[in-house]
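Undergrad: Listed below are the residues making up each chain.
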Amino acid sequence: MNRFDYIRPATVAEAVTAASVPGSAFLAAGTNLLDLMKGGVVRPERLVDVSRLPGLDAVEALPDGAFRIGARVRNAELAHDRDFARRFPAVAEALLSGASAQLRNAATAGGNLLQRTRCAYFYDPASACNKREPGAGCDALGGENRLHAVLGWSESCIATHPSDFCVPLAALGAVVEIEGPGGRREVPLEEFHLLPGSTPERESVLSPGELVVALRLPAGADAFAAHSRYVKLRERTSYAFAVVSAAAMLRMEGGTIAEARLALGGVALKPWRAREAEAVLAGARPDAATFRRAAEAALEGAHPSGENGFKIELARRIAARALALAAAGTPERIPALPASPLAPVTGVALHG
Amino acid sequence: MSWSITLTVNGEPRHVELDDPRVTLLDLLRERLDLTGSKKGCDRGQCGACTVLLDGQRVNSCLALAVSHDGAEVVTIEGLARSGVLHPVQAAFIEHDAFQCGFCTPGQIMSAVGMIGEAQAGDDPERVRECMSGNLCRCGAYQGITEAVLDAQQRMGQDGWEEAA
Numbered sequence: 001m002n003r004f005d006y007i008r009p010a011t012v013a014e015a016v017t018a019a020s021v022p023g024s025a026f027l028a029a030g031t032n033l034l035d036l037m038k039g040g041v042v043r044p045e046r047l048v049d050v051s052r053l054p055g056l057d058a059v060e061a062l063p064d065g066a067f068r069i070g071a072r073v074r075n076a077e078l079a080h081d082r083d084f085a086r087r088f089p090a091v092a093e094a095l096l097s098g099a100s101a102q103l104r105n106a107a108t109a110g111g112n113l114l115q116r117t118r119c120a121y122f123y124d125p126a127s128a129c130n131k132r133e134p135g136a137g138c139d140a141l142g143g144e145n146r147l148h149a150v151l152g153w154s155e156s157c158i159a160t161h162p163s164d165f166c167v168p169l170a171a172l173g174a175v176v177e178i179e180g181p182g183g184r185r186e187v188p189l190e191e192f193h194l195l196p197g198s199t200p201e202r203e204s205v206l207s208p209g210e211l212v213v214a215l216r217l218p219a220g221a222d223a224f225a226a227h228s229r230y231v232k233l234r235e236r237t238s239y240a241f242a243v244v245s246a247a248a249m250l251r252m253e254g255g256t257i258a259e260a261r262l263a264l265g266g267v268a269l270k271p272w273r274a275r276e277a278e279a280v281l282a283g284a285r286p287d288a289a290t291f292r293r294a295a296e297a298a299l300e301g302a303h304p305s306g307e308n309g310f311k312i313e314l315a316r317r318i319a320a321r322a323l324a325l326a327a328a329g330t331p332e333r334i335p336a337l338p339a340s341p342l343a344p345v346t347g348v349a350l351h352g
Numbered sequence: 001m002s003w004s005i006t007l008t009v010n011g012e013p014r015h016v017e018l019d020d021p022r023v024t025l026l027d028l029l030r031e032r033l034d035l036t037g038s039k040k041g042c043d044r045g046q047c048g049a050c051t052v053l054l055d056g057q058r059v060n061s062c063l064a065l066a067v068s069h070d071g072a073e074v075v076t077i078e079g080l081a082r083s084g085v086l087h088p089v090q091a092a093f094i095e096h097d098a099f100q101c102g103f104c105t106p107g108q109i110m111s112a113v114g115m116i117g118e119a120q121a122g123d124d125p126e127r128v129r130e131c132m133s134g135n136l137c138r139c140g141a142y143q144g145i146t147e148a149v150l151d152a153q154q155r156m157g158q159d160g161w162e163e164a165a
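Residue numbers (full-length UniProt numbering), protein chains in the order written: chain H, 1 to 352; chain E, 1 to 165.
One chain only, chain E, in its complex shape (with noise of 0.2 Å):
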């Protein structure tokens, strides 16, 4: 037997043939559309590195059955530069020196795409970091992570930046 099923990944419609429903979001996206971006850490939902916007909604895409969210739109990390400018997210990562290895920095990304949307943090440093516990990051990157996710954050309010998806 098989599913077919539909996503829409970073605005593209893309149709993809399932010969097992065991595929996870995240190997639907690595492994068949090869969007590498997104990365297996844990793929437990521990750890975050797989973190991707699925209809608006940060989740971990290692704990998502692909055949579940037919018709489901998605944005990983390599939806959100436009015409090569860097997302705010994106951009603040980099001022601020927010990785080192940068395994867990797509993650880190997404998720924090996905809280600045979700808008319960506001300015407080103690609620960011609350509300990106969900994402580990092995090499303590986290003083500059939760500079980086406030500094973006007001800046996309400043700016009006728009999400994409």
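Chain H with its partners taken away, still in its complex shape (with noise of 0.2 Å):
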């Protein structure tokens, strides 16, 4: 790990002011920046504490009927806040996915949307990565790439956002609450991460010296609690990322779909909202032909970066397996195996 100076600011404005020099990161728990800092990976030359700043801990039902995530509330204590779990069980579901027990109590909801990909070509200073070194060339593209991105990839960079918890917010049409240099302003999350292109080490919108400080999920946003799933393959039972994922959310009125909502981790560089996915699943009936009609719209556009043609079936079926299990019903509890697709369903036609 390289040497850093280390500065914790009392305040957001101090925090902003501090971050702004150039070289700085933010530190929130440090659960990725300090492993990506032992690797040589990123080697930033001061850390700016934000593990304490006032005012950025609170889970709270707004007057207006959004609800409001303080950046630093853990990833454990958002999964089970009761009222919020009630509210966006696909979210609570999805944390509880992620990750270990021991991470989740100690990570963060603003550092969760800033982790980096897990790309191993990133995360190997030997290797040539466009992100960690712009024009290095990217040595996923011909490598062991079968988990790398599907979509909105591009010849500089196939690596993918390894979040769990951004693709149900990004479902929800969550709100990132940013503050920074030249003040306060919105920004929704599905443009909040950005698709590599020709400058795949431009990550997020955020500028230097910006601070996420919250995330906002608009009014009406619980709507979909009674039929909300996450559902994540990976390639052991716990503790691992997603080879794919899907959110799904549906409104339902008289057994009919009346509102959607789907999107998919593990496919690209952001969570991936399938917009023409919802448009064919709105006012159409909850059945297996429905719900392969809408996977196949999620994953149009959809190619191989390399040998991962198999993760498009894939994502269809999980997208699929996501949508039945959201039009069986929430469950009244989280899943001994939270999003798992191989867990046992009973009413649930999964092979459809």
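Hints in this document: simulated from the structure, not taken from any laboratory. Just so you know, these numbers come straight off a predicted model, no measurement behind them. Don't be surprised by glycine CBs; every beta carbon is placed ideally from N, CA and C. Careful: at least some of the hints might be erroneous.
[Claimed, not checked] Which bits of chain E does chain H cover? Going by a derived footprint, with three or more residues having C-beta under 8 Å, they are:
id, stretch
1, 24-31
2, 104-117
3, 149-156
[Stated by the list, open to error] Here are the in silico distance ranges between beta carbons for each label pair:
id, chain 1, residue 1, chain 2, residue 2, range
4, H, Val205, E, Asp70, 29 to 37 Å
5, E, Thr6, H, Arg82, 47 to 55 Å
6, E, Trp161, H, Glu259, 29 to 37 Å
7, H, Gly183, E, Thr6, 35 to 43 Å
8, E, Gly140, H, Glu300, 38 to 46 Å
9, H, Glu296, E, Asp123, 53 to 61 Å
Build the complex from these two chains, which are given one at a time in their own frames, with help from the hints.
TA: As structure tokens, then:
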């Protein structure tokens, strides 16, 4: 790990000023940042510790019906917040399907958005990576890339965004509240992460010094609570990143889908909201044929970035399964294996 | 520049002068406070051998910067037994043969103590396994670990054992 200066500002304004200096990085729990620093993947010259900043640790329903999550709220705390989990069960399930209990006790909501890709070539300073070193090339292209992106990738970067949390948040239209040198601004989560294009080193809309202070779910986002699921296929049962995942939410009216939300994880460098699929579902009957058509629409335009063509059909099936499970109803309790597509479910024809 | 921090470690206030902000909580415990029970396995948050309770919550001490936790309460494996009497989780690990080489055991036990405090798993072995998935055991003692955790949890409920932290 490189040497760095350590600064602990007392207010958000001080943190923004401190982090506006080039070479700075914000430190919250550090569960991703310290890992990257130990590997020499990133080498910030100064860490601005935001882990104690006041006013960023509340989970609260706002008077206008929106729901606000402070950036410092820990993953486990949010997932086990009863009011939050009742309103947004797919978000709670996604959180509990991610990382380990130890990491969920430490990692923050804001940090989850800003975690870096787990592409092995990004993590290996001996490999070429345009994200780590612009212009260096991409060793993932033509390398071990069976878990890489199938949507929205470019020749300069085929990595994926690793977050589970962000997938249902994108489906629910979450908004990111940002404090920066120019004041406060808000960005929809769908627009927060950037696709690689020719500048994969630029990962989000944040400018130097800008700090995520909260996430907000808009009023009405809890209308999907009765039919919400997150489904995540992993290469082992627990404590693994998604091969592909899907968040599905339905608002049912008299046996018909009145409104639907669908987003995919593990397929692109951002949580991938599938609005075309949502349009297919709106007004349709909740049956296997509908879910398959929606899944086809969700993966429209997908193509392999290497040895990962299988992920396209896998993502369709996980999307269709998430929709079928959502239609069956949100379980009263989060399953023993959160988000597992392999968990037995009664009353649902998973293979329609 | 130096950083002066105070931690409560296993109930005792400990004052440490850090000449380098890079020191993790794990390195501080092992190298500066001679508490070598917490193990350095992967040092990257993947194996759980370094698990301690930080302000009552189980975390990977290898991924916590010590300077960032000034004022915190830390409980390590050395702080569980009371007056020579093993903590119920420690006792259950022995009774259920829940280890072989023992390297991951302090982390497993601290994680189990944290898990029981979280009260999410109940008596469902599948939930216990899921809640303990952040602790790897290369000897593969998982069967015994699950039994030990379930048994200790039940006994702690009956005996009214309260954490000393």
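Undergrad: The structure should be examined with respect to each hint, and the outcome stated for every one.
TA: For each hint, the structure was consulted:
A stretch counts as covered by a chain when three or more of its residues have a beta carbon under 8 Å from one of that chain; for the stretch 24-31 of chain E and chain H the count is 1, and the coverage is violated. Beta-carbon proximity to chain H at under 8 Å applies to 3 residues in the stretch 104-117 of chain E; the threshold of 3 is reached and the given coverage holds. Given as covered by chain H, the stretch 149-156 of chain E fails the check, having 0 residues with a CB less than 8 Å from a CB of that chain where 3 are the minimum. Look at H:Val205 against E:Asp70: about 33 Å separates their beta carbons, and that is inside 29 to 37 Å.
Range check, E:Thr6 to H:Arg82: Cβ separation about 35 Å, and the 47 to 55 Å hint is violated. Separated by about 50 Å at the C-beta atoms, E:Trp161 and H:Glu259 break the suggested range of 29 to 37 Å. Taking the beta carbon of each, H:Gly183 and E:Thr6 are about 37 Å apart, inside 35 to 43 Å as hinted. Range check, E:Gly140 to H:Glu300: Cβ separation about 45 Å, and the 38 to 46 Å hint holds.
The hinted window of 53 to 61 Å between H:Glu296 and E:Asp123 is violated, with their beta carbons roughly 43 Å apart.
In the structure shown, a violation is registered for the earlier hints numbered 1, 3, 5, 6, 9, in ascending order.
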